[in-house]
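Student: So you can see what is in the structure, the chains are spelled out below.
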Amino acid sequence: MADVPKGMAASASAISLPARARKREEEAELVRLAQSGEEAAFEELIRRHQQRVFGLVNGILRRREDVEDVVQQVFLKVFVSIKRFDLRAAFSTWLYKIAVNECWDYLRKKKVRPLVYETDLSEEQVSRLDGAASAERPPENPARRAETNDILDQLLNELPERDRELLVLKEIEGFSVQELAEMLDLNVNTVKVRLFRVRARLMDVYNRRIGSHPEHPAASGRSETDGSKI
Amino acid sequence: MEARFNQGPCLEFEALLEDHLSGELSGADAKKLAEHLENCAACSTALEHAAPSVQLLRAAQPAADPGPGFSHVVMARIRAEMSKRGEQKSIWLPFVSMAWRFAATAALALALLVTFDAVRHMRYERQSSLAYVPKTETRDLFPDPAGPPANRDEVLMMVADTNHGKH
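Note that the protein sequences, when read in sequence, are chains B and X.
If you're matching positions, the first sequence starts at 0 in numbering that gives the first Met the number 0 and goes up one per residue.
If you're matching positions, the second sequence starts at 0 in numbering that gives the first Met the number 0 and goes up one per residue.
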């Protein structure tokens with residue numbers, strides 16, 4: 000097993016254009032080494048991309064037990080078929096496409112439908128979510144943030160599956176519109192339009208669930224902006 | 000303002016509205032959208048409606064880092080899977096090689112059979128061409144009985160045959 004070339008293990012963040020080109024070249028070299036059977040190079044590729052693949056799978060499956068298993072399955076598929084990868088596209092684009100397909104296969108095989116919570120939100124949940132919608136920054140307390148996350152999940156689960164994926168991957172997992180377009184084989188403008196529409200749908204759900212809450216002071220005012228206009 | 004209440008935003012501006020919410024709009028596009036928003040109530044309302052989603056989604060947590068040991072776990076699984084596949088391959092290997100041998104023998108036998116048949120056919124054709132007798136000669140030896148009589152003698156012979164048959 001050969002060692003990974005020096006400097007390749009260093010991960011880069013917030014990189015400029017030449018640095019990005021250099022990083023891409025390094026990655027291409029790692030892919031070539033992995034294609035020739037170097038396990039160390041492949042492991043380095045896993046290290047570089049595991050966080051984003053995790054985010055991608057988690058964004059599509061939304062906190063299911065099998066996220067880690069699906070991510071492992073993705074890397075296994077990549078390992079088996081890496082010799083067929085021709086380096087014309089970025090490795091990450093190819094990897095994300097495999098991950099997206101693996102998630103859809105998983106959902107199809109398991110016939111999992113998103114759980115739709117129709118339970119009434121408590122007064123505390125309403126004020127927490129209302130606070131989140133108007134706050135400039137997310138809550139810093141991890142427990143409070145997790146709770147807000149759970150309530151938000153209830154709203155997101157009411158959205159159509161494919162649109163929810165787009166919104167979660169863009170806004171929560173931090174994928175760019177360009178990346179989403181490439182991994183989902185969509186036009187960049189289509190992604191933007193779908194994102195804008197799903198935002199409106201999310202706010203429809205939000206207004207319906209929060210605005211109509213009897214304890215909520217803005218119950219009457221908010222419901223006027225309900226989704227019929229969008 | 001344009002009277003576009005109760006309608007969705009303008010189709011050609013939806014992508015720009017999304018860029019605006021994502022903070023990715025600048026320059027000419029930003030100016031174009033700002034001018035449009037001044038005159039389009041539907042787009043202004045849609046933007047106002049969708050805007051709080053940015054803060055709302057900011058409260059959500061992204062996936063947690065799987066940790067530095069994750070790549071080792073994945074590599075261990077890959078190795079296990081590869082060795083399992085290798086074992087499965089080695090179990091079937093004798094059968095596969097036997098099948099290949101059988102297929103090769105069958106192909107050879109078939110080729111020999113076809114060659115033998117072709118040679119035999121060629122020989123038969125050659126022999127039949129040597130033994131060819133023109134049809135005219137055979138007609139002379141065995142005249143066609145159904146044909147019309149050629150001369151007076153043949154007519155008499157036919158009449159004689161017919162009368163003989165009657166008695």
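Do not take every clue at face value.
Derived DEER-like restraints, expressed as beta-carbon distance ranges [said to hold, decoys possible]: (1) X:ASP64 / B:GLU38: 21 to 29 Å; (2) B:GLN34 / X:GLU37: 28 to 36 Å; (3) B:LYS76 / X:VAL118: 21 to 29 Å; (4) B:GLU24 / X:ASP64: 23 to 31 Å; (5) B:ARG31 / X:ALA63: 27 to 35 Å; (6) X:ALA103 / B:ARG21: 28 to 36 Å; (7) B:GLU38 / X:LEU112: 45 to 53 Å; (8) B:ALA88 / X:CYS9: 33 to 41 Å; (9) B:TRP103 / X:ALA63: 47 to 55 Å; (10) X:SER25 / B:ARG21: 37 to 45 Å.
Hints in this document: simulated from the structure, not taken from any laboratory.
Glycine included, every Cβ here is placed at the ideal spot set by N, Cα and C.
Student: Confirm or reject each hint.
Tutor: Hints, verified against the model:
no.	hint	in the structure
1	X:ASP64 / B:GLU38: 21 to 29 Å	holds, 22 Å
2	B:GLN34 / X:GLU37: 28 to 36 Å	violated, 56 Å
3	B:LYS76 / X:VAL118: 21 to 29 Å	violated, 55 Å
4	B:GLU24 / X:ASP64: 23 to 31 Å	holds, 26 Å
5	B:ARG31 / X:ALA63: 27 to 35 Å	holds, 32 Å
6	X:ALA103 / B:ARG21: 28 to 36 Å	violated, 53 Å
7	B:GLU38 / X:LEU112: 45 to 53 Å	holds, 51 Å
8	B:ALA88 / X:CYS9: 33 to 41 Å	holds, 34 Å
9	B:TRP103 / X:ALA63: 47 to 55 Å	violated, 23 Å
10	X:SER25 / B:ARG21: 37 to 45 Å	violated, 27 Å
Comparing the model with each earlier hint shows violations of hints 2, 3, 6, 9 and 10; every other hint is respected.
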